[in-house]
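> What follows is each chain in one-letter form.
There are 2 protein chains.
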Amino acid sequence: MDINIVLAEMGKKAKEASRLLACADSAVKNRALLAIASELRSKTAALIEANAKDISAGEANGLSSALIDRLRLTEERIEGMAQGVEDIAKMSDPVGEIISGGRRPNGLQIEKIRVPLGVIGIIYEARPNVTSDAAALCLKSGNAVILKGGKEAINSNKAIADLMRSAIESAGLCKDCIQLVEDTSREAASALMRLNGYLDVLIPRGGKGLIRAVVEQSTVPVIETGAGNCHVYVDKDADLDMAANIIFNAKTSRPSVCNAIETILVHSDIADKALAKIKQRLDEKKVEIRGCEKTQSLLGASVVPASETDYDTEYLDYILACRVVENLDEAIEHITKYSSGHSECIVTENYTAAQEFVQRIDAAAVYINASTRFTDGGEFGYGAEIGISTQKLHARGPMGLYDLTSVKYIIRGNGQIR
Amino acid sequence: MDINIVLAEMGKKAKEASRLLACADSAVKNRALLAIASELRSKTAALIEANAKDISAGEANGLSSALIDRLRLTEERIEGMAQGVEDIAKMSDPVGEIISGGRRPNGLQIEKIRVPLGVIGIIYEARPNVTSDAAALCLKSGNAVILKGGKEAINSNKAIADLMRSAIESAGLCKDCIQLVEDTSREAASALMRLNGYLDVLIPRGGKGLIRAVVEQSTVPVIETGAGNCHVYVDKDADLDMAANIIFNAKTSRPSVCNAIETILVHSDIADKALAKIKQRLDEKKVEIRGCEKTQSLLGASVVPASETDYDTEYLDYILACRVVENLDEAIEHITKYSSGHSECIVTENYTAAQEFVQRIDAAAVYINASTRFTDGGEFGYGAEIGISTQKLHARGPMGLYDLTSVKYIIRGNGQIR
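Protein chains in written order, with our numbering: chain A, 19 to 436; chain B, 19 to 436.
Possibly wrong hints are sitting among the right ones.
Because identical chains share one entry, a pair is satisfied inside a single copy or across any pair of copies.
Taking lysine-lysine and the BS3-like style, the derived pairs with C-alpha atoms no more than 25 angstroms apart in a straight line are [as the list claims (entries may be wrong)]: (1) Lys303 - Lys108; (2) Lys31 - Lys176; (3) Lys130 - Lys31; (4) Lys31 - Lys312; (5) Lys226 - Lys30; (6) Lys193 - Lys226; (7) Lys295 - Lys176; (8) Lys304 - Lys31; (9) Lys193 - Lys31; (10) Lys108 - Lys30; (11) Lys61 - Lys295; (12) Lys33 - Lys130; (13) Lys176 - Lys304; (14) Lys312 - Lys176; (15) Lys33 - Lys226; (16) Lys31 - Lys355; (17) Lys71 - Lys304; (18) Lys130 - Lys355; (19) Lys355 - Lys71; (20) Lys169 - Lys254; (21) Lys303 - Lys291.
Keep in mind the hints are simulated off the structure, nothing from the lab.
The structure displayed is predicted, hence computed values, not measured ones.
Excised from the complex, chain A in its bound form:
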């Protein structure tokens, strides 16, 4: 059947399911989440079996070992997924919150309340744990979800989606609150991106290429997530040991994530001393430094010459670009030009420099003297996150349950006219 028709049908079912789900009590939603966690545990063997098909197909298709690792489900990882869903069940329900309200001079009582968005689409890549994470967050916030994972994980995703659907049905919710697009073609992705009228928002989770494709092709509203070209600027008044420590942590504690840094900027007044300390730390993990001319002259032959492209690249690897700048202005200009608006840091003991940096840098998270690795829903105290928004509309920074909601005004009168 035409994939557009298939998706319109799924959209219709999701919309209908979302209407009931929007009115469901927290107790019912939590029961459904606990049923999912319990099913994940009891079906562990079957999930690993389904996943094995994906793994062997991936190996046959020559997927990189990193990708195979992301794809793999183990007992431990499935237990982690179940615990993740249980954690979401424990979070407080944002739906129904009265945000503000009051009585107008004409006696009208106006109340602004929190409601679900409706139907959320999630497009993601090879990690099967996203299937249960994303579905659980959508369910808790009262939204129906249409999931579309990568073709590499299709057998795993089908198995997870199937068990979630029966689990929530057994808990008294409509199983169409969670649906998986089983067609993993590009056409199916395109059809999902144009499912206006059914989909209230589409959230891509994955690499830069996926996110760009979704932003460009979608007619449905999109929340951009994830791309992180993050910087640390070492000011002339920085504590240089602290700077080296923060840079080491932000680059090497987990290079593959979006809140890791990709470029450092170092004030020329202290570049000599600072770079020596920084390089010493980075050498512990054999981080390749790609430097500007001044960096090269200060650090010598081990530095790879940096090109314009380097400043624009999210390496997600043990590689770090480095540029010596004349002053704070030049650092801010560099960041303004290359930043993806995710997380930016200044290391300084200077009050005015710190104030100016946080004021002028336009990013979701701006740090003074701390690692960019803290940009994370859990670290911010929000619990599980659906992603980190790098756009300014609707949500910015780590997105939790509240960011999956909208508002509604309720106006109570006794016959008022205007």
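Model the placement of chain B on the given structure of chain A, informed by the hints.
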């Protein structure tokens, strides 16, 4: 020159201007707004002269008298525009507000603050007052704006934009905080809709056709505004005089606006009595009723038979569709099918029916026993509005200054790493 290049150049200037404007103090922004108001007053004669060119071109092109009226600037209307800008100067500045914050267990101090969106595009039709209204709201909330009005109003818009640009420059702001696209072609509109990287959001203000075109063609994030297919449902337990009064007000006090109603639904148990009272009121303004079969049989020959299309139409005129329904469920189903999600009303004295209606109806504003005409920034106590959002992402309902902002996290540490 290629319109895409022209717009990219405007976008670049706007982006640069927005960076400075984002850091501007309220006092400076207010001074700029008062300078605009003062210039509007002192240049009244010149504005009327420029407007006269649009009026005569419009008459020559056979524009309807309603459109000519919307296009026309008078001394009184220009004074109204100046007062509108002054009112915006008096409103409190949302930028810099600390929304929430606190200290994390590791000592990090996290603060969530309100920042401008950046660069806002506004696409609108023939009303020249939108030029100053929209620019003033964007300026106050710290956003640069690119305005694109209809070709009918181009001379008026140019004159207004020119005086606003010199006014804000004299007050110490960059004049590129406000720019007008002087090319009124469709190509220029399309280029604006694809100005990713420069435009943070695009807000269409106007009729259904304009809004649909923007939603379908834009790759920039859009906030949908305005379309209002609104309903009043008269429940079996309604106070029928109140119902007739609310319907009369919601239909006839200003039929051309989006919060006016287009269809009424009447419970069959009270349809006989209710429709008689309602018709009596509507007859005062010669409102044409397009009714279902039951309405026809109850009200007789004056009722025009309603077709499916009628329920889907925003008449914006002295026409009202009417359908008799069997119960609350049927009313909710009808509204769910045809509503544009703007404003919906139930008239009832029944507690459970009222509760169910507000819970199940998915619209920006849901009313019990009051006219839908109150969905308005001023009536809600928000001051001037940039439009009424009928989408669920970012903003819903009347959009004021707060809805033209985003957030930023500031994280202060003393060397924390993860």
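> Could you tell me which of the hints above the structure violates, numbers in ascending order?
1, 3, 4, 6, 7, 8, 10, 11, 13, 14, 17, 19 and 20
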